[in-house]
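Protein chains in written order, with our numbering: chain A, 1 to 349; chain B, 1001 to 1349.
List time: in silico DSSO-like cross-link candidates among lysine-lysine, alpha-carbon distance up to 30 Å:
1) Lys1094/B <-> Lys94/A
2) Lys1169/B <-> Lys343/A
3) Lys299/A <-> Lys1169/B
Reference listing, derived: stretches of chain B covered by chain A, where coverage requires no fewer than 3 residues with Cβ under 8 Å from a Cβ of chain A:
4) 1160-1173
5) 1210-1219
6) 1290-1296
Simulated from the structure, these hints should not be mistaken for laboratory data. For glycine and all other residues, C-beta sits at the position ideal for the given N, C-alpha and C.
Number of protein chains: 2
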Amino acid sequence: MSKIFVDACLGKETAYTPVWMMRQAGRYLPEYMAVRAEAGNFLNLCHNPAKAAEVTIQPLDIVGVDAAILFSDILVIPDEMGMDLSFVKGEGPKFSDPLTSQEDLDRLIGGDEAASKLTYVFETIELLRKQLDERGDEIALIGFTGAPWTLATYMIEGQGTKTYNICKKMMYSNPELLHNILAKVTEVVKLYMEKQIEAGIDVVQIFDSWASAIEPGKYDEFSWKYMVEIADYLKSKYPNVPIIMFPKGVSAFIERGLVYGNFDVFGVDWGTPMAMAKEKLGDKYVLQGNMEPCRLYSKEETTKCVEAIQEIMGTKRHIFNLGHGILPDVPVENAIHFVSECKRVSAKK
Amino acid sequence: MSKIFVDACLGKETAYTPVWMMRQAGRYLPEYMAVRAEAGNFLNLCHNPAKAAEVTIQPLDIVGVDAAILFSDILVIPDEMGMDLSFVKGEGPKFSDPLTSQEDLDRLIGGDEAASKLTYVFETIELLRKQLDERGDEIALIGFTGAPWTLATYMIEGQGTKTYNICKKMMYSNPELLHNILAKVTEVVKLYMEKQIEAGIDVVQIFDSWASAIEPGKYDEFSWKYMVEIADYLKSKYPNVPIIMFPKGVSAFIERGLVYGNFDVFGVDWGTPMAMAKEKLGDKYVLQGNMEPCRLYSKEETTKCVEAIQEIMGTKRHIFNLGHGILPDVPVENAIHFVSECKRVSAKK
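Here chain A stands alone, though its shape is the one from the complex (with noise of 0.2 Å):
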């Protein structure tokens, strides 16, 4: 069976511009809200396959959106590894024992032995795929990992941050060490992938969520071509199963470095205007973004928001997301209005 996400991602025509959000499965949801509290917290929702699978669907039938995503988090690979993960209330996540040194890097576990580790996700999306067959429905599942770069930076600052200046001195000051932890965890990133891919999952989505922490001369070395060496080892053995890439916060590097790479789907983020993105990426990719959240706040700043996008994307080569994660105080309808605002403009007459 066809999938039009699928198909999209591949650059085939459709009947219309497939449309998903970022953290769809998300606190603005109360049927999540609820799920999530009888799981106790996020980290147990993410551990629990029955309960990850609930939250997956919800959008489906509640928005009406083409693909599903994974509930999960991109630190289960740190916490897998050995490092010691939690989520601290109103603070977000912690590591009691961030890396320092090389002898740090050495105590975690690496490669299959920690990819295996993370059977509650290979068992989410098992549950899932068969959910998905069931409901007979042409709706893509999208598997997911945090880019080795932006999972180095919590592994190193042992928290989200503002300055990143733990990993920026390592950067400047002991590269060797950065290259060998983000060595490590690519390795772990590669093998975890190929693993929800077997499980069942249709495309790939590499979040490099701090990609915009890197100077635009470093951008490459530092992460660029590591996610690069992860499509091209997907790739190699699954040709079909189409890969996004969404560096955040790029726009100024654009045009240089970023047009290599064995992704079939470049996710734009808001800040990037879509125009310029087409004109520098839309040959090379598919591209996939790119309202601003906050537009959601409002239905008519959603709709010339939709419209100005579809006037500059047609309706090929393109796939209808937000540019950033949808915020927990958004209206649900307003995300209804959206998916269909998407669905309405693209549609082939």
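Given the coordinates of chain A, assemble chain B onto it according to the supplied hints.
Chain B alone, transformed into the frame defined by chain A:
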């Protein structure tokens, strides 16, 4: 007496490319920490002209920069408009009474009445003018303000924010109120900067630190046009006082929209490749910047970057600076190295 920094701002030939650092009077200097401890806290230091002047002067002798920048804070404006500013240790600035309505805004003092209350700033400048003139060197004094948009984000959110969702909800669902806030702040900023000039500053810098929080298509409407209005007002009265505009994170739309405005210098952040800035804006503005501040962790990486910028910019229409503020844990000797390297590579043979 001709000041090298002022000459460079106006595009004149200088013996070398002048250099200063954003946040050069700051926590990386033990001498600054000592004065701040005497003052009790950050806000007291801003309110104390003798001590504020003392820390403004410190980096001239310690680090060797070519310009002093007034020690103050951008939030003294909303504070004197009647909002309740405090600095919470480890959390940054807070307003206990954020703006939510036209009534909240109407309660604030505006125009000359608000600007006139910033006497401690003007006294600091008068002291500095005297001290700098007595030194007899050619050091310029930079005065500054936050951009209306950047100030408004704090006034509406009540504090720093990662998502700006409260101001952006206002932007998309009640733009009239946001414009009313911006217009009232703009009036105070105009008069505040006029009084700074009258008190003795040589150069104006406008910081739009949160420029990147606005989507490209809305930036002119909600930020840039207000700064153009401020520049037009100041230039009509003080045509020889250079104005530096520093909008952080706007590289995606540097070629569109930002080419109009009565500014002399454009501050380039570290996320924008200098070659791109030169190509897009170099004819219109003298460019300031833009070493990634974390390069200061390594003398070798500092030298490489200074040489690369010099290679691009040559010896005119450029001012050396960091592409954002210096961080507190940078060794002082590395800051000294940066400044001396800038002078070395740009000295006319």
